[in-house]
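Please arrange chain B on chain A, whose structure you already have, making use of the hints.
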Amino acid sequence: MISLSPTAPPGVIVSEGLATDVMCFPTREQYFALVKSFKDDDFEMCVDVCGVDYLEHRERSLPEDVVATRFEVVTNLLSLSKRRRVRIRVQAGDDAPEVESLFSLYPGTEAMEREAFDMFGILFTNHPDLTRILMPEEWEGHPLRKDYGVGNVPVQFKEAPGPR
Amino acid sequence: MSEPTIRSAERIELLTAETSEGAQELQRRSETASNELGREVGAVLRLPGLTLDPESVDFDRKDDETMIINMGPSHPSTHGVLRLMLELDGEYVLRTKPVIGYLHTGMEKTGEQLSYVQGATNVTRMDYLSPVINELGYSMAVEKLLDIEVPERATWIRMMMSELNRISSHLVWMATNGMDLGASSMMIYGLRERELILAFFEKTAGLRLNLNYVRPGGVAADLPDGWQDDVLVICDTIYARTFEYDELLTGQPIFRGRMVGVAPLAAEEALALGVTGPLLRSTGVPWDLRRTMPYLAYDRVEFDVIVGTYGDNFDRYAIRLNEIRESIRIVRQCIDMMPAGDYRSQDPKVTPPPRARIGESMEALIHHFKLFTEGFHVPQGEVYSAVESPRGELGCYLVSDGGPKPYRIHVRAPSFVNLQAVSLLMRGGSMSDTITVISTIDPIMGEVDR
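Chains as they are written, first to last, in the numbering used here: chain A, 12 to 175; chain B, 320 to 769.
In short, the hints are calculated from the structure, not lab data.
Cβ coordinates follow ideal geometry from the N, Cα and C atoms, glycine included.
Where hints are given, some of them may not hold.
[As the list claims (entries may be wrong)] Partial list, derived from the structure: chain B residues whose beta carbon lies under 8 Å from chain A:
1) Q343
2) E350
3) N354
4) I419
5) G420
6) K428
7) E471
8) G593
9) E679
10) F695
11) Q699
12) V718
13) H729
14) Q739
[To be verified] Listed next, the stretches of chain A that the computed footprint assigns to chain B, with coverage defined by at least 3 CB atoms under 8 Å from CB atoms of chain B:
15) 42 to 48
16) 55 to 67
17) 91 to 105
18) 139 to 153
[Said to hold, decoys possible] In silico lysine-lysine, DSSO-like type, Cα no more than 30 Å apart, as pairs:
19) B:K428 <-> A:K157
20) A:K157 <-> B:K724
21) B:K463 <-> A:K93
22) A:K157 <-> B:K463
23) B:K668 <-> B:K724
24) A:K47 <-> A:K93
25) B:K668 <-> A:K157
26) B:K689 <-> B:K668
27) A:K50 <-> B:K463
28) A:K157 <-> B:K522
29) B:K381 <-> B:K522
Extracted from the complex, chain A is given alone in its bound form:
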């Protein structure tokens, strides 16, 4: 179990996952401040940011006091000097998922956050360029959401009428 740095926002729930994983469960408001405290605490690299849609798996096991929402943003931080990882799981909301962008702390998260936006429709405030990254710009819907069907979307772009 790790102890959070003194600059971390108070009240963040820490829990131990499988193997040696350490997880933190901040609220949306605590999220940015928590990541910042980790960054100041020698977590030099943000390895991964991804979204998860828990629509069909609401009763997942979470520590007490964590209010489960449909969308979750999972951020993996890595400390090269301490050789440690920490995973931050923030409950992003149900209908209009939105968390703060980490771009000003780790510029490399730019593309990963765009991917989470593209695939799940999670909004990242203060992101410089929140556009789709993998899907075409005029695509409707967010494909990795659980209520987005598999294989029943006609592959036809709006702006390209007529046979190809």
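The following block gives chain B in isolation, referenced to the frame of chain A:
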């Protein structure tokens, strides 16, 4: 009847509409917010004391002084379907923006429809130059959730196969990089040597690419009889030939002119961007997951982590060339230290029974049937597991809801993240340097777009 659609040079607006990626593209300066503009010119460091020199970011350029050109998605040296939009001032690159997604096939969505048994066939197609390591990252994540032990021999087979795969991946890199620089003999040599390894893969797993060899619980098949001789020949041949490449490229004036000092990367910038693999090591950061966070049996073999100094194109080349030699060193130790025993876990819930047992044992038949119709159930939970792929940290984030299919499978693709460094690496370089920069980043578009 509506008017028939005719796509021709006279109807540019239609061609533009069909190929438009809208806001994903590089916009004119007047339409770009300063934050985004800063990113496109490669200003990554916003930390105190490390801010980019304002002199070198010319925010005030007029749009009519520069030209935005499009490169790709089907350009021969973009290694797949990478599209770059470059803003040029004459011959020099001011801004760059990669536009990706042309190879997006929804593999993470597909992964949610496939059982854990089938999952390896899906992930193996992501980074098509290092299929074994993709399968390894996935299998290790599944095994962590299942909490099963992998037999000793399986661990060593996995290690040997992933090192062979690393060699073949770096050889393809050497080949394509040579091709990009006009050294077409390197292209032929690189692919020739890779053929040796692919032939061994075929002998072992039955397939040359997309092997589906490493599976949750172990590996698909034991090594073939006489494998030591085959692997020794591969090691000896390729080791001797790395010195030929050295002679062919390292001192070659044209090669050096395009590699030495071109597109340098600083360690702070690499860390801020999350860049891993040879790109990170070229900046002097000795970070290799095989050494720093050992998995498999990497803590029991001897090898060196190759580190560069300047982070330029040449360092990235030198690191990959020397990593081939280090991988050969590991493979040689694997031959000596390969333990006997099972090549896959004997847990009947995970591993299908041997073919011979199916005819004589009802239980084996049931297990076989259950495994290949429904698959095995994985306990609830979520896990992140990372391995060192030839391109950097390959992570697999798995969420299980207790069923036979992953609830969510996310692959942290190293090339996807590394590719975001192009804006930084290309700024101020000449147009011809873009080719070497793309090449030394070594993006695999199958993995970038997944």
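Are 3 or more residues of the segment 91 to 105 of chain A near chain B, judged by a Cβ distance of less than 8 Å?
-> With 4 residues close enough to chain B, the hint holds.
Is the straight-line distance between the alpha-carbon of A:K157 and that of B:K463 30 Å or less?
-> Answer holds: A:K157 to B:K463 is near 25 Å, not above 30 Å.
Hey, does the B:F695 contact hint survive, CB to chain A under 8 Å?
-> Since the shortest Cβ distance to chain A is 17 Å, the answer is violated.
Three residues minimum, CB to CB under 8 Å: does the segment 139 to 153 of chain A make the cut for coverage by chain B? Let me know.
-> Since 10 is at least three, the answer is holds.
Would you mind confirming whether the straight-line C-alpha gap from B:K668 to A:K157 stays at or under 30 Å?
-> Since the Cα atoms of B:K668 and A:K157 sit roughly 28 Å apart, the hinted pair holds (cutoff 30 Å).
Per the CB criterion, is B:Q699 less than 8 Å away from chain A?
-> 6 Å, holds
Once the shortest beta carbon distance from B:Q343 to chain A is found, is it less than 8 Å?
-> Where the cut-off is 8 Å and the nearest Cβ of chain A is about 5 Å from B:Q343, the hint holds.
Keeping to a limit of 30 Å between CA atoms, is the pair of B:K668 and B:K724 held or broken?
-> 15 Å, holds
Taken at face value, is the distance from the CA of B:K522 to the CA of B:K381 at most 30 Å?
-> 60 Å, violated
Hold the hint about B:I419 up to the distance rule: shortest CB distance to chain A must be less than 8 Å.
-> Check passed: Cβ of B:I419 comes within 6 Å of chain A, closer than 8 Å.
Interface restraint verdict for B:N354 against chain A (beta-carbon cut-off 8 Å) | Hint on B:N354: holds, closest Cβ of chain A at ~4 Å, below 8 Å.
For the segment 55 to 67 of chain A, do three or more residues have a beta carbon lying closer than 8 Å to a beta carbon of chain B?
-> Coverage by chain B holds for the segment 55 to 67 of chain A (9 residues, Cβ < 8 Å).
Violated hints for the displayed structure, listed by number in ascending order: 2, 7, 9, 10, 15, 28, 29.
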